[in-house]
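Protein chains in written order, with the numbering used here: chain A, 1 to 481; chain B, 1001 to 1481.
Just so you know, these hints were derived from the structure itself, not from any lab. The reader is advised that the hints may include incorrect statements.
[Said to hold, decoys possible] Simulated pairs of lysine-lysine, DSBU-like, Cα-Cα distance not exceeding 30 Å:
no.: 1; chain 1: B; residue 1: Lys1443; chain 2: A; residue 2: Lys205
no.: 2; chain 1: A; residue 1: Lys464; chain 2: B; residue 2: Lys1234
no.: 3; chain 1: B; residue 1: Lys1098; chain 2: A; residue 2: Lys236
no.: 4; chain 1: B; residue 1: Lys1098; chain 2: A; residue 2: Lys408
no.: 5; chain 1: A; residue 1: Lys464; chain 2: A; residue 2: Lys270
[As the list claims (entries may be wrong)] DEER-style ranges, computed between Cβ atoms:
no.: 6; chain 1: A; residue 1: Gly56; chain 2: B; residue 2: Gln1005; range: 55 to 61 Å
no.: 7; chain 1: A; residue 1: Asn476; chain 2: B; residue 2: Lys1371; range: 24 to 30 Å
no.: 8; chain 1: A; residue 1: Asn476; chain 2: B; residue 2: Asn1385; range: 21 to 27 Å
no.: 9; chain 1: A; residue 1: Lys480; chain 2: B; residue 2: Asp1286; range: 42 to 48 Å
no.: 10; chain 1: A; residue 1: Glu150; chain 2: B; residue 2: Asp1461; range: 26 to 32 Å
no.: 11; chain 1: A; residue 1: Gly56; chain 2: B; residue 2: Asp1364; range: 58 to 64 Å
no.: 12; chain 1: A; residue 1: Glu216; chain 2: B; residue 2: Gly1178; range: 30 to 36 Å
no.: 13; chain 1: B; residue 1: Gly1179; chain 2: A; residue 2: Glu150; range: 54 to 60 Å
no.: 14; chain 1: A; residue 1: Asn476; chain 2: B; residue 2: Asn1476; range: 25 to 31 Å
no.: 15; chain 1: B; residue 1: Pro1455; chain 2: A; residue 2: Gly63; range: 30 to 36 Å
no.: 16; chain 1: A; residue 1: Asp343; chain 2: B; residue 2: Gln1184; range: 25 to 31 Å
no.: 17; chain 1: B; residue 1: Lys1371; chain 2: A; residue 2: Glu478; range: 38 to 44 Å
The beta carbon of each residue, even a glycine, is placed where N, CA and C say it ideally should be.
Number of protein chains: 2
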Amino acid sequence: MNLDQIFNTAQEAFLFYKNISGKEKAAFLDTIAETLEANREEIVPLAVEESNLPEGRINGELGRTVGQIRLFAGLVREGSWLEATVDPADPNRQPLPKADIRRMLSPLGPVVVFGASNFPLAFSTAGGDTISALAAGCPVIYKAHPAHPETSKKIADCIHQAILKSSLPSGIFSHVEGGIDIGQELVKHPLAKAVGFTGSHKGGKALFDLANQREEPIPVYAEMGSVNPIFCFKDKLANQLEPLAKAFVGSLTLGVGQFCTNPGLIFVPKSQAKAFEKAISDELNDIASAPMLHPGIAQAYYDSIQYLQSREELRWVKVADPQHLINGSTALAEIKASDWLKDLVFQKEVFGAFAMMVVYENQDELLEIAKQLHGQLTITIWAENHELQDQLFLLNLLEEKCGRLLFKGVPTGVEVGFAMQHGGPYPSTTDARGTSVGAYAIKRFARPIAFQDMPQELLPDALKDGNPLGIWRMVNGEYKK
Amino acid sequence: MNLDQIFNTAQEAFLFYKNISGKEKAAFLDTIAETLEANREEIVPLAVEESNLPEGRINGELGRTVGQIRLFAGLVREGSWLEATVDPADPNRQPLPKADIRRMLSPLGPVVVFGASNFPLAFSTAGGDTISALAAGCPVIYKAHPAHPETSKKIADCIHQAILKSSLPSGIFSHVEGGIDIGQELVKHPLAKAVGFTGSHKGGKALFDLANQREEPIPVYAEMGSVNPIFCFKDKLANQLEPLAKAFVGSLTLGVGQFCTNPGLIFVPKSQAKAFEKAISDELNDIASAPMLHPGIAQAYYDSIQYLQSREELRWVKVADPQHLINGSTALAEIKASDWLKDLVFQKEVFGAFAMMVVYENQDELLEIAKQLHGQLTITIWAENHELQDQLFLLNLLEEKCGRLLFKGVPTGVEVGFAMQHGGPYPSTTDARGTSVGAYAIKRFARPIAFQDMPQELLPDALKDGNPLGIWRMVNGEYKK
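Bound-form chain A, shown alone (with noise of 0.2 Å):
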């Protein structure tokens, strides 16, 4: 089929597809759930050839898309999500009568998806884009990442083995193999709605432009990496320094650095700096260098330490040593605040396990670092809670350049639930008000629609008078069920 067909063929599947319960496509998602399980033993050595990951974590991706499936299925099975929403008509208000007024979210129609070379499972072919715009009633059409070819094929195939059990229309869901040329096509056609996608902040910036350009322009949900600062202060070092050393390096080369919330900038206050560089040294010494993701990934990392090697403001503490170009070696440098709040480049992610550590002298520099940061996934704060109870202004501040606040623990293990928030202001994102990971994902792929006056027997469930499918509604202004 060529692109054309393609989105015809999601479109009609579309029309239809809207319209089938929160149950059904629920046990639709339960189904893609159930043959990745079934065909794990194909699909782990497959996804570790291609990406170089562990089998043991690749094991752990496919559960935790599994779950983030599941969670999905249950999301839709329940019902609430539609923000179902009824004003009923009041026919003697005056001066004028009251219309009945129903509004729901409706899904937006087909939705482009583009995967992540570094989670060949949770962030790609079926992961949490792909199955939050299908639970929404999406279809999608996939762009395989190249990184991955043949793990994305393999799950492709157990999706069209769920729809076809299901009985469900083979358009809602669609893999797209090709280049980049491919992938703007996608994003260019008429048909498609909305755009998914993780990866560099090249690749979301450029389909963002694209998607803004077209003769109507769609929304772009790119999430595209950022350096996740962490925030240290003088009381919290000192009570934990080395559990918190041990903590931050494991964060920074958990897949060999290869996270879109691995923590690449930690700042640390001139008092706690030598003892805590030297923690953290002895730590990153006992981590061995490990392949990553591909040649391009390791060259470009190797590039960015090159470059940053000849900034005279940084002192290293430990080189990447690019002698095996595929092996991803750790690195760490040390910078003054006064230097880095000179230079933006200085915030610019490194894909890989380096960490800039940024020392500061006192409390002005701190705000002037909080007010200069660019958006985030994620902000660390490391500090007694008494650290904080004059801190409210820079807290402020943080939590306008961040999707997430952390107070604990390191910002990798995205934990996905209802909570969760992975998505923050630009450029770690194009659209702050989305997240990528947890259940708000799915309202991404939707708007709102009202009915008014609409009969009885056309108004979908969720907003027919007796609350057939027992959700939460808002009733004339209350929470009901």
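Starting from the known structure of chain A, fit chain B onto it as the hints suggest.
This is chain B only, laid out in the frame that chain A set:
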């Protein structure tokens, strides 16, 4: 103050204002409403003078404006709009303990608002965009509409009085006068975080493009009008020919046709076309010409009519009379569906009391019309219930093309409530996910933020243990109060 000072003051005010309680925000909004009421005697004549709209209409519009403000006051006083979501910690979870994650909506920051010429009160200085942004916790920088500068200044004074009375920082509302260039500077300013706009397609699209070309792109909620088609079915017309003709003409000519929901397009079955045209024509003859908002709008109206008069596909039932340029006289033209389908120009909005009556022959033409139709704020269907029994496919197509689907009455008279959706697919707006009327308008100016393991005393009240605000929250996936 220059623009930098205005934005700096707004940003400073924001970091304070976002943290005051919903009750305090509600009290402030109510104070704005009271101040407007108290100044009715001065506001109404100014707005009448500057808009050419009759006193009754302006009095009603002030009532609507005040009602709208009270709706948002109620919404933030109650507080559940925040979508507070709590996923409690589970330290015993295997293989890894689960962190405590809490999510809520958080205001975006300073919002730039552009008011509308056709609603000097309800969609202007203290209109829906300004008030929903203030309710969300965002400061507003309001660009005064040049069509009603004195009204705008007066209303801005009322807002400033309310700020003073409420002891809030003056930076939460700024009134800026100037031309298109000033408007562009406002949208380009780095501290601007979102834009609300009601007006022409040209104006809205230009701001949308500008906002996307910023270093940090920001959301633009531009409501750009629509032709609001009415689809008529045979039996319905046969049964209610005269009341429907009357309702149609009433809606078409209300406010001299200067409403974004004014029905400029009506699809009529061939068998009823002659009789319906006659009935409409009789009604139209009873409508006196009335002054339009300003001469520029009247000129644009007559220019559009003149262009359409050059198109031989149209047969004119009534031609607008350009004799008194300020007066918007009504106009009606008829066209065959087969001709209408051939040129998208026939879908273009003519701002004023002009309608195009499209005569269709059969079901196939009706489906083709639905497929080709651009995005609309509203679509109205006039059909007997039995005529819709086998029209599910058509209904599905029409749902894709609008924000509100009506089955009775007329699209003008947009109810301000919880279920209202005033916004639709492009080109009727630049963001179909938002509404500019009704309670959900507040969500446009907020984004989600998650707090992980935040100490109780630092958490916003909406997320604290024990639910001190008594709002609806999702806890562990269940709605609770």
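Going down the list of hints, with the structure as the test:
1. This hinted pair checks out: Lys1443(B) and Lys205(A) have alpha carbons roughly 25 Å apart, not beyond 30 Å.
2. A C-alpha spacing of about 27 Å is found between Lys464(A) and Lys1234(B), which places the hinted pair at or below 30 Å, so the restraint holds.
3. Taken as a hint, the Lys1098(B) and Lys236(A) pair is honoured in the structure, with Cα atoms around 22 Å apart against an allowance of 30 Å.
4. Taking the CA atoms of Lys1098(B) and Lys408(A), the gap is near 12 Å; set against the 30 Å cutoff, the hint holds.
5. Between Lys464(A) and Lys270(A) the CA atoms are separated by roughly 63 Å; this puts the pair beyond 30 Å, and the hint is violated.
6. A beta carbon spacing of about 57 Å between Gly56(A) and Gln1005(B) agrees with the range 55 to 61 Å that was offered as a hint.
7. At about 37 Å, the beta-carbon gap between Asn476(A) and Lys1371(B) misses the expected band of 24 to 30 Å.
8. The given range of 21 to 27 Å is respected by Asn476(A) and Asn1385(B), whose C-beta atoms sit roughly 25 Å from each other.
9. For the pair Lys480(A) and Asp1286(B), the beta carbons lie near 46 Å from each other, so the given range of 42 to 48 Å is met.
10. Judged by the Cβ atoms, the range 26 to 32 Å given for Glu150(A) and Asp1461(B) is violated: they are separated by roughly 51 Å.
11. With their beta carbons about 59 Å apart, Gly56(A) and Asp1364(B) fall inside the hinted range of 58 to 64 Å.
12. Separation of Glu216(A) from Gly1178(B) is about 31 Å and conforms to the stated range, judged on CB atoms against 30 to 36 Å.
13. In this structure the supplied range 54 to 60 Å holds for Gly1179(B) paired with Glu150(A), their Cβ-Cβ distance being about 59 Å.
14. Separated by about 28 Å at the C-beta atoms, Asn476(A) and Asn1476(B) satisfy the suggested range of 25 to 31 Å.
15. Taken as a hint, the range 30 to 36 Å holds for the pair Pro1455(B) and Gly63(A), whose Cβ atoms sit roughly 32 Å apart.
16. Roughly 29 Å separates the CB atoms of Asp343(A) and Gln1184(B), a value that falls within the hinted 25 to 31 Å.
17. For the pair Lys1371(B) and Glu478(A), the beta carbons lie near 39 Å from each other, so the given range of 38 to 44 Å is met.
In terms of the numbered hints stated before, the structure departs from hints 5, 7 and 10, listed from lowest to highest.
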